[in-house]
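What follows is each chain in one-letter form.
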Amino acid sequence: MAESDSVTDPILKVSALYKAYGEHVVLQGIDFEVAENERVVIMGSSGSGKSTLIRCLNGLETTTSGSILFKGNDIAGLPERAWRRVRRSIGMVFQDYSLFPHFNVLGNLTFAPVREGVLGKSEAVERAMVLLDRVGLRHKATAYPAQLSGGQQQRVAIVRAMMMQPNIMLFDEPTSALDAETVGEVLAIMRDLTADGMTSITVTHETGFARQCADRIVYMDDGRIIESGPPEVFFTAPQTERARSFLKNHK
Amino acid sequence: MNLGLIAENANFFLKAGGYALVIFITSTAASIAISAILGTLATVRIRVIQAVIRGMVELIRGVPQVISLFFVYFGAPAFGLQFTPLQATIVSLTLWGGANGAEVVRGGINAVPRHQLESARSLGIAPLDSLRFVILPQAVRLVLPAYAGLCNMLMHSTSLGALVGVTELLKSGQIVIERAEYFHGGSPGLSIYGFLLVVYFLAGLTMNAAVVRLERRLGTATRRS
Numbered sequence: 001m002a003e004s005d006s007v008t009d010p011i012l013k014v015s016a017l018y019k020a021y022g023e024h025v026v027l028q029g030i031d032f033e034v035a036e037n038e039r040v041v042i043m044g045s046s047g048s049g050k051s052t053l054i055r056c057l058n059g060l061e062t063t064t065s066g067s068i069l070f071k072g073n074d075i076a077g078l079p080e081r082a083w084r085r086v087r088r089s090i091g092m093v094f095q096d097y098s099l100f101p102h103f104n105v106l107g108n109l110t111f112a113p114v115r116e117g118v119l120g121k122s123e124a125v126e127r128a129m130v131l132l133d134r135v136g137l138r139h140k141a142t143a144y145p146a147q148l149s150g151g152q153q154q155r156v157a158i159v160r161a162m163m164m165q166p167n168i169m170l171f172d173e174p175t176s177a178l179d180a181e182t183v184g185e186v187l188a189i190m191r192d193l194t195a196d197g198m199t200s201i202t203v204t205h206e207t208g209f210a211r212q213c214a215d216r217i218v219y220m221d222d223g224r225i226i227e228s229g230p231p232e233v234f235f236t237a238p239q240t241e242r243a244r245s246f247l248k249n250h251k
Numbered sequence: 001m002n003l004g005l006i007a008e009n010a011n012f013f014l015k016a017g018g019y020a021l022v023i024f025i026t027s028t029a030a031s032i033a034i035s036a037i038l039g040t041l042a043t044v045r046i047r048v049i050q051a052v053i054r055g056m057v058e059l060i061r062g063v064p065q066v067i068s069l070f071f072v073y074f075g076a077p078a079f080g081l082q083f084t085p086l087q088a089t090i091v092s093l094t095l096w097g098g099a100n101g102a103e104v105v106r107g108g109i110n111a112v113p114r115h116q117l118e119s120a121r122s123l124g125i126a127p128l129d130s131l132r133f134v135i136l137p138q139a140v141r142l143v144l145p146a147y148a149g150l151c152n153m154l155m156h157s158t159s160l161g162a163l164v165g166v167t168e169l170l171k172s173g174q175i176v177i178e179r180a181e182y183f184h185g186g187s188p189g190l191s192i193y194g195f196l197l198v199v200y201f202l203a204g205l206t207m208n209a210a211v212v213r214l215e216r217r218l219g220t221a222t223r224r225s
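These protein sequence lines map, in sequence, to chains A and B. Residue numbers 1 to 251, in the numbering used here, belong to the letters of the first sequence in order. Residue numbers 1 to 225, in the numbering used here, belong to the letters of the second sequence in order.
Chain A extracted, bound-state conformation:
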């Protein structure tokens, strides 16, 4: 972003990131930076590597080469044990809102922070209730996931990822598994939660959301970033043929 040039270091800086499964190279040298408080939306057709990229940023996929600087420290290639600490600062929400079915909502929210010793039990419950209130689900605190709609489950999953007060939130196609009617409620929550300065990286096909809530769109194709710019530019004057045809198919 123009205004943050040279003033602050990027919170996340990915350089020459490669990821290969055997012969198949999924990420072919990714370079990108995310500034503090920036909301980035990654778009691209399926198979472009966008999900793999976001999963690499949370250590769920190992990288083949390259670096990921988070607050100046290289986190690519960290052992699993070290990733566990990093993940407290980088929250992640998945497509399939995988809440733990045998815990109720409060249990889902408080288990990790309490077990990992980040929060005390009462502190965790207090924070959970505040966040649930914010996503309109305070009354569901003792419900089990199976008793919630898909949209409600995904809202709880978002809150769960935010319990540790991460510096960055990663959303991997958070609305792809939802019915059309509930997509809106989840996007509204994301908009609300990221509006006050939460750094976020979102993989989504929702152009409406990207248009309104992204500071920058990153467009990926075949394991590379081929466009990166503010939404008004990306949606009105895409630079590449691939992006133009992608936009034609995703109205």
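If you are wondering where the hints come from, they were derived from the structure by calculation, not from laboratory data. Each residue gets a CB set at the ideal place from its N, CA and C atoms; glycine is no exception. Among these hints, one or two may not hold up.
If you anchor each label on the Cβ, the simulated ranges turn out as follows [what the hints assert, rightly or not]:
{"no.": "1", "chain 1": "A", "residue 1": "S15", "chain 2": "B", "residue 2": "P145", "range": "49 to 55 Å"}
{"no.": "2", "chain 1": "A", "residue 1": "A195", "chain 2": "B", "residue 2": "P113", "range": "29 to 35 Å"}
{"no.": "3", "chain 1": "B", "residue 1": "M56", "chain 2": "A", "residue 2": "H250", "range": "50 to 56 Å"}
{"no.": "4", "chain 1": "B", "residue 1": "M56", "chain 2": "A", "residue 2": "H205", "range": "46 to 52 Å"}
Chain B stretches covered by chain A per the calculated footprint, using a threshold of three residues with CB under 8 Å from any CB of chain A [to be verified]:
{"no.": "5", "segment": "112–126"}
{"no.": "6", "segment": "131–145"}
We have chain A; now place chain B onto it with these hints.
Chain B only, in chain A's frame:
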């Protein structure tokens, strides 16, 4: 039914039932522990471990229970071990239950959706904690019906003890029949085996009721209301 004969031998049958119960409870408890450990290890993606467990499980599952019992009882001295009939029965049933149970547990763990482990990881939960608090509780619910079937079969198999000389229910029945034939003439086989049939049936019924209760208790939490 010759109820008089059964009543006369009530204490004898009770003691025999006690042996059957000891065999059942001990081998069930031990095989649950073994199947939990082996079944979990079998899901760890390390080739060598998987191959070793696979081999053990197939070896034991591929052999009839009677053969394995005789092998344990009569073969043990060759390995410098000496089992009493009761011990041999418990050991062979434990091996059988452990091997079959390991397969059930492995299937149950694999049936828990992969993304459960991923979301646990993404929350920074330690691997062993993920297994203990996230994966296993869900696997237990999934395997309960199949595992109950296994326990049922273990209960029935306690009667194999008779073949190596444990005076469990079957053996006690045989003894009572032989004695009655010798002292009174005529065979009370129908009465005695009918009695044993009812005893096993009631035991099975009780166990199934317990399993249903357990399932309901674990299930309410996750069921859609």
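**Q.** Numbers of the earlier hints that this structure fails to satisfy, in rising order
**A.** Violated: none.
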